[in-house]
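Chemist: Residue numbers (our numbering), protein chains in the order written: chain A, 1 to 330; chain B, 1 to 380.
Check before you lean on any hint, since a few could be wrong.
[Said to hold, decoys possible] Capping the alpha-carbon separation at 20 Å, the derived lysine to aspartate or glutamate pairs in DMTMM-like fashion look like this:
# : chain 1 : residue 1 : chain 2 : residue 2
1 : A       : K225      : A       : E297
2 : B       : K263      : A       : E45
3 : A       : K118      : B       : E285
4 : A       : K246      : A       : D282
5 : A       : K246      : A       : D278
6 : A       : K118      : B       : E286
[Claimed, not checked] Some, not all, of what chain A presents toward chain B, calculated at C-beta under 10 Å:
#  : residue
7  : Q13
8  : Y14
9  : L19
10 : H21
11 : R123
12 : E138
13 : G144
14 : Q170
15 : V172
16 : P175
[As the list claims (entries may be wrong)] Some chain B residues flagged as far from chain A (calculated, every beta-carbon gap over 10 Å):
#  : residue
17 : E61
18 : A73
19 : V81
20 : K105
21 : A110
22 : G158
23 : A181
24 : A206
25 : E209
26 : D229
27 : D251
28 : P306
29 : A334
30 : N340
By construction, these hints were calculated from the structure, which means they are not laboratory data. Where a beta carbon is used, it is the ideal one built from N, C-alpha and C, also for glycine.
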Amino acid sequence: MDRKLPARKDQTQYMINELLHIKYPVFQGAMARIATPEFAAAVSEAGALGIVATGDMTAAQVREAVLRTQELTDKPFGVNLMLMNPETPEIVKVLAELKPAAVTTGAGNPGRYVPELKEAGIRVFPVVASVALARRLERYGIDGIIAEGCESGGHVGEITTMALLPQIVQAVSVPVIAAGGVAGPDTMLAALAMGAQGVQVGTCLLVSEECPIHDNYKQAVLRAKDSSTVVTGRSIGAPVRILKNKMSTEYLRLESEGADLMEMEKLTLGGLGKAVRDGDIDTGSVMMGQAAGSLSEIRPLAAILEEMVCGAALEEEKLSRLTKGLCSNE
Amino acid sequence: MNKPASFNSLAIGERVLEVPIVQGGMGVGISMGELAGAVMSCGGMGTISAADPGFNEPDYESSPLQANLRALAAEIRKARVLSCGRGLLAVNIMVACSDYDELVKTAVEAGADAVVSGAGMPLGLPGIPGTENALLAPVVSSGRAARLIIQKWERKFGRLPDFIVCEGPLAGGHLGFTREALDSGDVQSIDEIVTDVIAEVEKVAAPEEIPIVAAGGIMDRSDALRLFDLGAGAVQLGTRFIAARECDASDGFIDAVLAAEEKDILFIKSPTGLPGRAVRTPLIEEAMIHRIPPKKCLCCLKKCDPATTPYCITKALINAQRGDTENGLVFCGARAGEVNRRTSVREIFDELLEDQNSGADKNAGVRTEVKNRGADDDGE
Chain A
1 MDRKLPARKD QTQYMINELL HIKYPVFQGA MARIATPEFA AAVSEAGALG
51 IVATGDMTAA QVREAVLRTQ ELTDKPFGVN LMLMNPETPE IVKVLAELKP
101 AAVTTGAGNP GRYVPELKEA GIRVFPVVAS VALARRLERY GIDGIIAEGC
151 ESGGHVGEIT TMALLPQIVQ AVSVPVIAAG GVAGPDTMLA ALAMGAQGVQ
201 VGTCLLVSEE CPIHDNYKQA VLRAKDSSTV VTGRSIGAPV RILKNKMSTE
251 YLRLESEGAD LMEMEKLTLG GLGKAVRDGD IDTGSVMMGQ AAGSLSEIRP
301 LAAILEEMVC GAALEEEKLS RLTKGLCSNE
Chain B
1 MNKPASFNSL AIGERVLEVP IVQGGMGVGI SMGELAGAVM SCGGMGTISA
51 ADPGFNEPDY ESSPLQANLR ALAAEIRKAR VLSCGRGLLA VNIMVACSDY
101 DELVKTAVEA GADAVVSGAG MPLGLPGIPG TENALLAPVV SSGRAARLII
151 QKWERKFGRL PDFIVCEGPL AGGHLGFTRE ALDSGDVQSI DEIVTDVIAE
201 VEKVAAPEEI PIVAAGGIMD RSDALRLFDL GAGAVQLGTR FIAARECDAS
251 DGFIDAVLAA EEKDILFIKS PTGLPGRAVR TPLIEEAMIH RIPPKKCLCC
301 LKKCDPATTP YCITKALINA QRGDTENGLV FCGARAGEVN RRTSVREIFD
351 ELLEDQNSGA DKNAGVRTEV KNRGADDDGE
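Please put together the full structure from these sequences, using the hints given.
Modeler: Okay, here's the thing in structure tokens:
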């Protein structure tokens, strides 16, 4: 396909919620240990696409999680497939059988699983962090690309959303969903302005009433500033954005000294569980995106999502007044 | 006859519509001569859609204009034969059609009583030669549009619309509202539109001079009576007639509409630039993911650019008409969920009139079926 495709006209663009039959064009990011069936179902009930994180689950556990989610909501929801999971082939079979509305994939190339999932009527959205991979995956007949910039929490790529998103929009013809740094009406509008047909958010949902994390974790998100996160593990090829705390500072020190992998693993082992379950903000791995600094209160999911989407429309009006002024000939 | 008070016959120009029920035009190939003729035989106004009527002609792809004009004339004759001399015949011609003028000329030459025109403002319709003796009617979705057309026609052609079709937001197919307005519900109801348009009519003529046909979401007798009370002279139904066995669409199309529930109905983006209401089909979902470039363009719509159109709407409508709903676009009204069983034109009339014999008394039970267009359409 021609690289220099002109930006598609509005007339031909559908927002992603129309395809998936959901209220808002918003995906909930698959946050390990946090995106439980209960949380994903609550997100779907609130009008976005809840996504169950499966991380290192076995196929049997995935089955249980999907069934549980189906029990909790009759709204469409998605399941995230972590492709490094050795049980992935079996998990794909389970998903093809239980047919969640969508599957998002991370940490690899989902190409070989696309036909089986599509055959089952499941919409497939890989998470990608580079134009090259987006272009390669488009050929598999996926239904959209989640373009994730490195502002996001957890596993990250190298490129910021601002740079990545428009380039992926230019490179592919399928819908693009923007992730990384989107946390409110203004950033959602920015993503749409860059050609996204939906957004994926995580950090802003951490501070929802329904989010099943320890209150200390939520407070840490509320306290966070723009510069409160760091990326660990770049040198070992597993970059993770995480709150700056005792654990991550120590990790970075060891990393810069070239400590061996096992030593660093000891530090992070169970770190996420510590943060999510026990609220250990000092030595747990408290994952969050850079947008955490913009969040200031704990609210119900429905309020967060409604403000984001309806607020984007209001922001757009403001913006169009400003831009009209800019290009007037007077 | 014991017609209920409001289902009175309606004088339109110098013609009389015996039963004030209009069957809305449905393209491509959904309301053709068969359905229109059956409606006419019950005393109503049948409407043939002039959206690519020639799609089944062997030369459709090589010379679409000739095929369309020939087929349109043939469908008009077929409807006349089936009507047994009753009812009125309209042809619905979209302003967005590339060959608008030619289609109008052919429709009136072939003997249509009325030309109904929407999907844009038919501001130049009365100027097309041959339309002097036909009834001309715009389809509008607001008092404002009615006023514009009335003013323009009066000033430029010294003529008023013979009737006005008011189409509300619950109609099927192309709609005269923006997508944003439809989504937010910030649209006038058919009741409000009828009231507004009557007010516009009253500024230039006695209300009975320009009767109002109310359309969009009218399903049953109570809807009709409500609109008659507001001053409508007739009611137009589309989706309900899809379930009639006389409908010109294939079984696959009809079944898709019968099976559709409220949740399966959505708005599509049409290359005409107007939003359209349709049944969710795999084609529509595919078009949501990426553009489906047309294989061949017959330039049927003025505004459609084959290089940027999200899909070829005519091809999609033809696929649906033939029963390929996978790759088709199935237009339907907002209340298609209430249409669940096969019926006949006769039954629909009986139910609306709540009267077994009015309407088409002596023809009741008589059904003329013309499967092919007959021999007389050769060489036209």
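Chemist: None of the hints should be skipped; say for each whether it holds.
Modeler: Now for the hints, and whether the structure bears them out:
1. In summary, the hint linking K225(A) to E297(A) is supported, as the alpha carbons are separated by about 14 Å, within the 20 Å threshold.
2. Taking the CA atoms of K263(B) and E45(A), the gap is about 17 Å. The hint holds against a cut of 20 Å.
3. Of the pairs offered as hints, the one joining K118(A) and E285(B) holds, with about 13 Å between alpha carbons and a cut-off of 20 Å not exceeded.
4. For the given pair, K246(A) sits about 5 Å from D282(A) by alpha-carbon distance, which is consistent with the 20 Å threshold.
5. With a CA separation close to 16 Å, the supplied pair K246(A) and D278(A) stays within the 20 Å bound.
6. Between K118(A) and E286(B) the CA atoms are separated by roughly 12 Å; this keeps the pair inside 20 Å, and the hint holds.
7. For Q13(A), the suggested interface contact is upheld, since its CB lies about 8 Å from the closest CB of chain B, less than 10 Å.
8. At its closest, the beta carbon of Y14(A) sits 4 Å from a beta carbon of chain B; the interface hint therefore holds under the 10 Å criterion.
9. Of the supplied interface hints, the one on L19(A) holds, with its beta-carbon coming within about 4 Å of a beta-carbon of chain B, less than 10 Å.
10. Among the interface hints, the one on H21(A) holds; its C-beta lies about 8 Å from the nearest C-beta in chain B, closer than the 10 Å criterion.
11. Checking R123(A) against chain B: minimum C-beta separation of about 9 Å stays under 10 Å; hint holds.
12. Nearest Cβ of chain B to the Cβ of E138(A): about 9 Å, under the 10 Å cut. The hint holds.
13. Taking 10 Å as the C-beta contact cut-off toward chain B, the hint placing G144(A) at the interface holds, the least distance being around 7 Å.
14. Against a cut-off of 10 Å between C-beta atoms, the interface hint on Q170(A) is violated, since the closest Cβ of chain B lies about 14 Å away.
15. For V172(A), the interface hint holds, the least distance from its beta-carbon to any beta-carbon of chain B being 9 Å, beneath 10 Å.
16. Interface hint status for P175(A): upheld, as the beta-carbon distance to the closest one in chain B is roughly 6 Å, under 10 Å.
17. With a cut of 10 Å on Cβ distances, E61(B) stays outside the contact zone with chain A, its closest approach being about 25 Å.
18. Distance check for A73(B) against chain A: the nearest CB is about 34 Å away, which clears 10 Å, and the non-interface claim stands.
19. Non-interface call for V81(B) relative to chain A: holds, since the shortest CB-CB distance, roughly 42 Å, exceeds 10 Å.
20. Consistency note on K105(B): stated as away from chain A, and its beta-carbon is indeed over 10 Å from all of that chain's, at 31 Å minimum.
21. Here A110(B) stays apart from chain A, with its beta-carbon at least about 35 Å from theirs, past the 10 Å limit.
22. At the 10 Å boundary, the C-beta of G158(B) stays outside the reach of chain A, the nearest C-beta of that chain being 38 Å off.
23. For A181(B), the shortest C-beta to C-beta distance to chain A comes to about 14 Å, beyond the 10 Å cut-off, and the non-interface label holds.
24. Separation of A206(B) from chain A is adequate, the least Cβ-Cβ distance of about 42 Å exceeding the 10 Å criterion.
25. Non-interface status of E209(B) relative to chain A is upheld: no Cβ of that chain comes within 10 Å, the nearest being about 39 Å off.
26. With a closest Cβ-Cβ approach of about 37 Å to chain A, D229(B) is found to remain outside the 10 Å limit, as its non-interface label requires.
27. At roughly 24 Å from the closest C-beta of chain A, the C-beta of D251(B) stays outside 10 Å, upholding its exclusion from the interface.
28. Annotated as non-interface, P306(B) keeps its C-beta farther than 10 Å from every C-beta of chain A; the closest such distance is 12 Å.
29. Separation of A334(B) from chain A is adequate, the least Cβ-Cβ distance of about 16 Å exceeding the 10 Å criterion.
30. Against chain A, the non-interface label of N340(B) holds: every CB pair exceeds 10 Å, the least being about 22 Å.
When held up to the earlier numbered hints, the structure conflicts with hint 14 and nothing else.
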